[in-house]
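Quick note, the sequences are listed as chains X and Y, same order.
Using the working numbering, read the first sequence as starting at 1 and increasing by one per residue.
Using the working numbering, read the second sequence as starting at 1001 and increasing by one per residue.
To be clear, the hints were calculated from the coordinates, so they are not data collected in a lab.
Heads up, some of the hints might be wrong.
Computed spacing ranges between beta-carbons, pair by pair [what the hints assert, rightly or not]: (1) Y/Ser1256 - X/Asn235: 49 to 59 Å; (2) Y/Gly1171 - X/Ala122: 22 to 32 Å; (3) X/Ala240 - Y/Gly1171: 55 to 65 Å; (4) Y/Asp1098 - X/Asp38: 37 to 47 Å; (5) X/Gly120 - Y/Gly1099: 40 to 50 Å; (6) X/Gly138 - Y/Val1028: 49 to 59 Å; (7) X/Arg224 - Y/Ala1094: 30 to 40 Å; (8) Y/Pro1020 - X/Gly54: 50 to 60 Å; (9) Y/Ser1064 - X/Gly150: 56 to 66 Å; (10) Y/Asp1098 - X/Gln84: 30 to 40 Å.
Think about it this way: if two alpha-carbon atoms lie no more than 25 Å apart in a straight line, the pair counts; the simulated SDA-like pairs of lysine to any residue are [said to hold, decoys possible]: (11) X/Lys165 - Y/Ala1167; (12) X/Lys165 - Y/Val1158; (13) X/Lys165 - Y/Ile1238; (14) X/Lys165 - Y/Ala1128; (15) X/Lys165 - Y/Val1247; (16) X/Lys165 - X/Ile208.
We treat Cβ as the ideally placed atom computed from N, Cα and C, and that holds for glycine.
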Amino acid sequence: MNTVITAPAGAIAAVTVTGVDKVFATRKGEVTALSGIDLHVAPGEFVSLIGPSGCGKSTLLRLIADLDAPTTGTVEVFGTSAHQARLDQRYGIAFQQAGLLPWRTVAGNIALPLELHGMGVAERAARVAELVALVGLGDFASTYPDQLSGGMQQRVAIARALAEKPALLLMDEPFGALDEMTREYMQSELLRIAAETGAAVVFVTHSIPEAVYLSDRVVVMSPRPGRIAGIVTMNLGRTADRADDLREDGAFFEMITAVREALHGSPVSRARGVETR
Amino acid sequence: MSGSAAVERAPSGAERVLAPIVLGVVVVAVWQLLAGSGLVEAYLLPSPAAIGDEIVAFAPSMLSAGALTGLNALIGLIVGSLVGIALALAASAARLVDGMLAPVVAALAVVPIVALAPVLNTAFGADAQTGRQLIAALAAFVPVFINTARGLRQTLPVHRDLMRACAATPGQAMRVITLRTAAPFTFTGIRLASSLAVISALVAEYFGGPRGGLGGLISTSAASSAYPRAWAYVVAAIILGLAFYLVALGLERLVSRRR
């Protein structure tokens, strides 16, 4: 890993994964989900994890979120253990299923983390109003989730993840179930929200264009056992400045090609900060 | 109303209410004709008019009998539901408890009232309603326990992950997710239990203990060949059971509206 971008001197990395293996015990024996993972994510950086099913990208995200524990190795979030970072609510998380509580309104769902952490009613209402506006759901605060489209539900989930103003946002294929048009719109919205909040994002996806459009760096993973096959730096300018016209840009297609080649393991003709094995 | 007549449409509210009423009126009219025709003996099937006369004549007695049986059923329903919920929580907390309770509940579900009632009447004394309330509680317990235990296992993995990611305490996760997810199931159990509690409280009156309930009066009336009066008490029992059921159904709808 000699091309890994490390955090600027003095700044604490948002995520530092060092020598992580994850082995699951199943009925058929042990399955190695992740092997020898090293990864750094700088503050404010947008990093996508991409790879085929079973490459352990979601498992890696769950380790960062402390929803699972690594078998060996360490995971640090903002200089503390992933466990402490979870207790301190240093990250927000969004899943592929929006995971909203159907018996709560949009506002009630967004307020949930704040409620759990004991924020006062007035302060909570103000923060929820901010978040509803941030994700563009101003007219839907008192709507129930089953009255919303999939894209709108996912926006509620993102607002909920941002409720505690985390400096790290973890996203596990949040747009995986959306149609292509909604998906592209949500990608632009996510870049806007990430720029407004300044949060680092670790984003799991299996869509190459999605990873390229969103990311500063794309981490390409390969399966059995899950490991990092390469990390591709997106030379597409600041993520905050990206807009839909980038999708038709030559540089965008070059990056897609670079990620594809890293995914399929074929030799890359032109070196551009691409590392393969 | 747009669209062609061939398009199937949902029945309107008026149709949904009217249809069963029309059917009921037709059935009662046919019944009256049948009973008056002499084809069916009056002691087998008294005419609706005769039953109606008895209902009017014995209205105060029916009210007090309904109140007595209803109170027994209500106490049984509440006690049985609370015990069912408590044990379902215990079963969901520990697999061992779940394994221990499952066969016991299966056995309790089939305990015959005819065996239990005399034992309980002896245990609590011939002038106490306790035995009947316990029988109703036992009947109510089974569906509430089974449904709640099932509901407590319905928590979605994504909701569990969310609670963990939010660093929620076990108590918070229980209140915000687990109990709320189980609630519609519990109320389905209570709806099933409501009818069972009424039937059980009523049947328990057949096997001794103080008189004055609907079950006791049905059996006394039938024993003294006052068949229309026995049927009048049956009508009261149906109304009592329906009242329990409809209230429980309303509660269930309220809780299940969003899930």
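Going through the hints against the structure:
1. Y/Ser1256 - X/Asn235: 49 to 59 Å: Since the Cβ atoms of Y/Ser1256 and X/Asn235 sit about 54 Å apart, the hinted range of 49 to 59 Å holds.
2. Y/Gly1171 - X/Ala122: 22 to 32 Å: Since Y/Gly1171 and X/Ala122 have Cβ atoms about 25 Å apart, the given range 22 to 32 Å holds.
3. X/Ala240 - Y/Gly1171: 55 to 65 Å: Hint violated: Cβ distance 41 Å, outside 55 to 65 Å.
4. Y/Asp1098 - X/Asp38: 37 to 47 Å: Distance hint for Y/Asp1098, X/Asp38 holds at roughly 43 Å.
5. X/Gly120 - Y/Gly1099: 40 to 50 Å: 45 Å, holds
6. X/Gly138 - Y/Val1028: 49 to 59 Å: Because 57 Å falls inside the window, the suggested range holds.
7. X/Arg224 - Y/Ala1094: 30 to 40 Å: 38 Å, holds
8. Y/Pro1020 - X/Gly54: 50 to 60 Å: For Y/Pro1020 and X/Gly54 the Cβ distance comes to about 56 Å; the hint holds.
9. Y/Ser1064 - X/Gly150: 56 to 66 Å: 58 Å, holds
10. Y/Asp1098 - X/Gln84: 30 to 40 Å: Distance hint for Y/Asp1098, X/Gln84 holds at roughly 35 Å.
11. X/Lys165 - Y/Ala1167: 15 Å, holds
12. X/Lys165 - Y/Val1158: Between X/Lys165 and Y/Val1158 the Cα gap is close to 21 Å, so the pair holds against 25 Å.
13. X/Lys165 - Y/Ile1238: 59 Å, violated
14. X/Lys165 - Y/Ala1128: 63 Å, violated
15. X/Lys165 - Y/Val1247: 45 Å, violated
16. X/Lys165 - X/Ile208: Distance ~29 Å between X/Lys165 and X/Ile208 Cα, so the pair is violated.
Violated hints, listed in ascending order, are 3, 13, 14, 15, 16; each of the other numbered hints is respected by the structure.
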